[in-house]
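Visitor: Single-letter residue listing:
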Amino acid sequence: MKDEPSKRLMPVTRRTLLAGIAAMPFLTTGVAPVMAADYPTAAVNATGLAVTDDTVKVGILHSVTGTMAISETGSVQAEKLAIEQINAMGGVLGRKIEFIQEDGASDWPTFAEKAKKLLVQDKTAAVFGCWTSASRKAVLPVFEQYNGMLYYPTFYEGLEESPNVIYTGQEATQQILAGIDWVVKEKGAKSFYLLGSDYIWPRTSNKIARKHIEKLGLEVVGEEYYPLGHTQFNSVINKIKLKKPDVIYAIVVGGSNVAFYKQLKAAGIDLSKEKPLLLTISVTEDEILGIGGENMAGAYAMMKYFQSLENDNNKQFVAEFKKMWGDNIVIGDVTQAAYLGPWLWKAAVEKAGSFDIDKVKAASPGIELTTAPEGYVKIHENHHLWSKARVGHAQLDGQYKVVYETTDLMEPNPFPEGYQ
Amino acid sequence: MIGDYTFGEFTSILAMQGFAGLSLFSVFVLMALGLAIIFGQMGVINMAHGEFMILGAYVTYLCSHLATEYVPVLFPVYFFAAMTLAFCASFGLGVLVEWGLIRHLYRRPLDTLLATWGLSLILQQVYRSVFGAREVGVTLPDWMMGSVALTDMIEIPINGLFVMGLTVLIAFAVYLMMARSTFGKQVRAVLQNRVMAGAVGIDTKRVDRMTFGLGCGIAGIAGSAFTMIGSTGPTAGQLYIVDTFLVVVFGGAGSLIGTIASAFTISQAQSAMEFFMSGSMAKVLTLLTVVGILMLRPQGLFTLNIRR
Numbered sequence: 001m002k003d004e005p006s007k008r009l010m011p012v013t014r015r016t017l018l019a020g021i022a023a024m025p026f027l028t029t030g031v032a033p034v035m036a037a038d039y040p041t042a043a044v045n046a047t048g049l050a051v052t053d054d055t056v057k058v059g060i061l062h063s064v065t066g067t068m069a070i071s072e073t074g075s076v077q078a079e080k081l082a083i084e085q086i087n088a089m090g091g092v093l094g095r096k097i098e099f100i101q102e103d104g105a106s107d108w109p110t111f112a113e114k115a116k117k118l119l120v121q122d123k124t125a126a127v128f129g130c131w132t133s134a135s136r137k138a139v140l141p142v143f144e145q146y147n148g149m150l151y152y153p154t155f156y157e158g159l160e161e162s163p164n165v166i167y168t169g170q171e172a173t174q175q176i177l178a179g180i181d182w183v184v185k186e187k188g189a190k191s192f193y194l195l196g197s198d199y200i201w202p203r204t205s206n207k208i209a210r211k212h213i214e215k216l217g218l219e220v221v222g223e224e225y226y227p228l229g230h231t232q233f234n235s236v237i238n239k240i241k242l243k244k245p246d247v248i249y250a251i252v253v254g255g256s257n258v259a260f261y262k263q264l265k266a267a268g269i270d271l272s273k274e275k276p277l278l279l280t281i282s283v284t285e286d287e288i289l290g291i292g293g294e295n296m297a298g299a300y301a302m303m304k305y306f307q308s309l310e311n312d313n314n315k316q317f318v319a320e321f322k323k324m325w326g327d328n329i330v331i332g333d334v335t336q337a338a339y340l341g342p343w344l345w346k347a348a349v350e351k352a353g354s355f356d357i358d359k360v361k362a363a364s365p366g367i368e369l370t371t372a373p374e375g376y377v378k379i380h381e382n383h384h385l386w387s388k389a390r391v392g393h394a395q396l397d398g399q400y401k402v403v404y405e406t407t408d409l410m411e412p413n414p415f416p417e418g419y420q
Numbered sequence: 001m002i003g004d005y006t007f008g009e010f011t012s013i014l015a016m017q018g019f020a021g022l023s024l025f026s027v028f029v030l031m032a033l034g035l036a037i038i039f040g041q042m043g044v045i046n047m048a049h050g051e052f053m054i055l056g057a058y059v060t061y062l063c064s065h066l067a068t069e070y071v072p073v074l075f076p077v078y079f080f081a082a083m084t085l086a087f088c089a090s091f092g093l094g095v096l097v098e099w100g101l102i103r104h105l106y107r108r109p110l111d112t113l114l115a116t117w118g119l120s121l122i123l124q125q126v127y128r129s130v131f132g133a134r135e136v137g138v139t140l141p142d143w144m145m146g147s148v149a150l151t152d153m154i155e156i157p158i159n160g161l162f163v164m165g166l167t168v169l170i171a172f173a174v175y176l177m178m179a180r181s182t183f184g185k186q187v188r189a190v191l192q193n194r195v196m197a198g199a200v201g202i203d204t205k206r207v208d209r210m211t212f213g214l215g216c217g218i219a220g221i222a223g224s225a226f227t228m229i230g231s232t233g234p235t236a237g238q239l240y241i242v243d244t245f246l247v248v249v250f251g252g253a254g255s256l257i258g259t260i261a262s263a264f265t266i267s268q269a270q271s272a273m274e275f276f277m278s279g280s281m282a283k284v285l286t287l288l289t290v291v292g293i294l295m296l297r298p299q300g301l302f303t304l305n306i307r308r
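Taken in sequence, the protein lines are chains A and B. For the first sequence, counting from 1, position 243 maps to 243 in UniProt numbering; every step adds exactly one. For the second sequence, counting from 1, position 248 maps to 248 in UniProt numbering; every step adds exactly one.
In isolation and in its complexed conformation, chain A is listed as follows (with noise of 0.2 Å):
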C-alpha cells in the first residue's frame, strides 16, 4: 500500500514532463509569449464565441466508435497533443486551450447533430474533426449556415472548397500525380491495373489517375470497384495475373485492404519483386498494423508524410506522440495532417488577432507553418495546404522507407481542369 501514491503521482510527473519537452522547439524560434492582457476579450471575441480572459473552447468531431473509430482514433491522438504542446507554450493570444469532444459514432446525421451542438451550444472557436468525406459533407452545412470553422485532415478526393473548412489532408491531385510521374520514371511502369473500394473517393482519385496516365501515352489495362467490406480477392487477383500490368494501382480501404493483401501474398505474388509493382494511396502506418508487415513489404505508397520522415520537427513529433499515447503507436500521413490543425488554427488566429471566425477566415490563406512534421506548409487561397508529395517503400516492420519526395510543394487543386 505504500506505493500507492507514488504509483498515483507517475503520469502527473510524466505529464509535467512531457509539456515542458513539447513547449521547448517553439519558445527557442524566437516568439515572445503572448499575454492574455494584452488582448482583452471584448476585443478578440466580437460575436459570442465561448472565450474568456484565459480559456478559450475548442470541439474535436471524431468517431470513436463504430466501424470508423479504426481510422478516426490516431486524429483524435494528434489533436490532443497538439493542443496540449500550444497550452504548455502559453496557448492562443495568452489563454489555455480547453477542448469538448463529441463522438461522431461513424453515423453521419450523428456528426451534424454534434456539429450543430458545438457550435451553437458550446460557442466553439473552431472545430478540429470529420474523417471520411461522408462526414464532411454531413456537417458542411451546419460550419455555413453557423459560421464555424473546421480543420478536416484527411486526404480526399477533391472538388469542395468552403470557406468555413480548411483541408490539412492533400486533395486527389496533391497525391496522385507525382507518384505516378515517379514510376513511370524510375521503375519505367507502361500499363496500369487500377483497384478500388467502391465509393466517391477511389473512383474519383482513379478518374484523375486514368487521366493522367493516358495523358502520358500509357495503357490502363483493367479498372474494377469492390464493395466496401469485400473479403474475397481471388478473382480480381487471378485476372491481374493474366493482364501483366506493370503496376497493381490500388485504393482498397478498411478490412477489404487485409484481405485483399493477405490474399495477393497467398496467391504468390511477391510485391518486393515489384513484378507488379503495387502503388496504393490508401494504406498508411496505421493500416499495415492489421495487414502485416510482412504481407505489405515491398509496396509503394504516396502520401505527404511518413512516420520515418529525417527530419528534426518530425523526430520530435515522433517522440512526444510515442510519449503521450504509448511506443507501440504509429503514425499515418492523416495523424499528421490532424496534428497541424491546432497549430495552423492557432498561427490564423494569432495574425488576426482575433478569435473571430470571419476574421480567421480572412487570415487562414498564407498562413505558413515551419515547425511541421512534413516540413514546411502553407494555406492556399483555396483553403488547402501546399505540401510535398512523397513516396514510400513499405518495409518488414511496418514502417516506409521514403524513396521519393517532390522537391517543391505542390499546389492544391481541388478542382482539377482536363481530370474531370
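Hints may be right or wrong, so weigh each one.
[Claimed, not checked] Straight line, CA to CA, 20 Å or less: simulated SDA-like cross-link-like pairs of lysine to any residue: (1) K273(A) / I154(B); (2) K273(A) / M273(B); (3) K243(A) / M273(B); (4) K275(A) / I156(B); (5) K273(A) / S147(B); (6) K137(A) / I200(A).
[To be verified] Sample of chain B residues at the chain A side, in silico, Cβ under 10 Å: (7) F19; (8) V77; (9) M228; (10) A236.
Hints listed in this document are in silico derivations from the structure and should not be mistaken for laboratory results. If you're wondering where the values come from, they're calculated on a predicted model, not measured in any experiment. All C-beta atoms in this analysis are idealised placements derived from N, C-alpha and C, irrespective of residue type, glycine included.
Given chain A, put chain B in place with the hints provided.
Guide: Chain B only, in chain A's frame:
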C-alpha cells in the same frame, strides 16, 4: 476475352478460377455452418454470429502473441491450439448467452433477432475497449503463407487449401454428430417434438444450450481460420454476416445439406461472375439471382419435411 490468351494461359486460369470458387465455397460453408445449426435446430436468428467469429479471431491473435513471446519453438503449430481455444471461448460465451438471454425468448423469434443484434453491438464495443479500435495483425507461421506452384501459371494458395481441409473436417464432424451420436438424436428429437422429447427423458433445456454453444463454437473456429484471409478488428464480423445469412436462407433454413448446396451455388456463381465483370456488378447480379430464386421458392433450396 478468350481470344487474347494462349490455350495454356486459358486452361491455367480456368484451373485457378475453379480453385478460387472452391475456396470461396469452403469459406461460405465454414461461416454458415454455425448459424445454420442454431437457426435450423432452434429457430433462433443469431445476429451476433459475426461477433462470435471475431471472438475466435481475437483468441487466435492472443495465441499468436503468446506463442511469439514465450514459446517461439511452438510457433509453427500454435494455430491448432488457437483454433481449439477459439472453439472453447466461443462455445463458453455461447452457453452463457443462451442461459442469460436466449432461453427467455424462445417463443418470440422477432425478439431474439433484436436481442442478438443488441448483443452484437455490445460485443463490438467490448472488443473495441479491450483490444483497441484499430485492427490487429495476426502473425502466421511461414508454412501457412505463400503458395504451391503447380505450373508456371497455376499457383494454389496454401491458406486456401488449409481452409478447405478444415471445412471438410468440420462439416464431416457435424454430420457425424447430428446423424450418428446420441446428442444428435436428442437434438433432432427436440426439434421434431419438444414435449414428447421431454416426456421420454431428454433434458431439452440442456440440449438447447449445447446446440447454441456448438453453433457459436463453430463460428469461433471459422473466425480463427479467417485470420489467414481477412482482417481482425472490432467490426470485422459485420463483413461476414450478410453473406452468412444469404447462404443459410438460400439453402433452406434447417437443412445442413441445403446450406452446403447453397454455399456451392453462390460461391461458384460469384467467383465466375467476378472474373467477367467488376466486383460490384458481380455482387449485384448474385443478389438479384438469389432474390429471384427465393421468390419462386420461398422455402429455399432444400427443406426438411417434418410434422409441425
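Visitor: Run every hint past the structure and note whether it holds.
Guide: Results of checking the hints against the structure:
1. K273(A) / I154(B): holds, 18 Å
2. K273(A) / M273(B): Cα-Cα ~30 Å, so violated.
3. K243(A) / M273(B): Holds, at about 17 Å.
4. K275(A) / I156(B): Given pair K275(A), I156(B) holds - Cα atoms ~18 Å apart, limit 20 Å.
5. K273(A) / S147(B): Given pair K273(A), S147(B) holds - Cα atoms ~16 Å apart, limit 20 Å.
6. K137(A) / I200(A): holds, 12 Å
7. F19: Constraint on F19(B) satisfied, holds at 8 Å.
8. V77: Because about 19 Å separates V77(B) from the closest Cβ in chain A, which is outside the 10 Å limit, the hint is violated.
9. M228: holds, 7 Å
10. A236: holds, 5 Å
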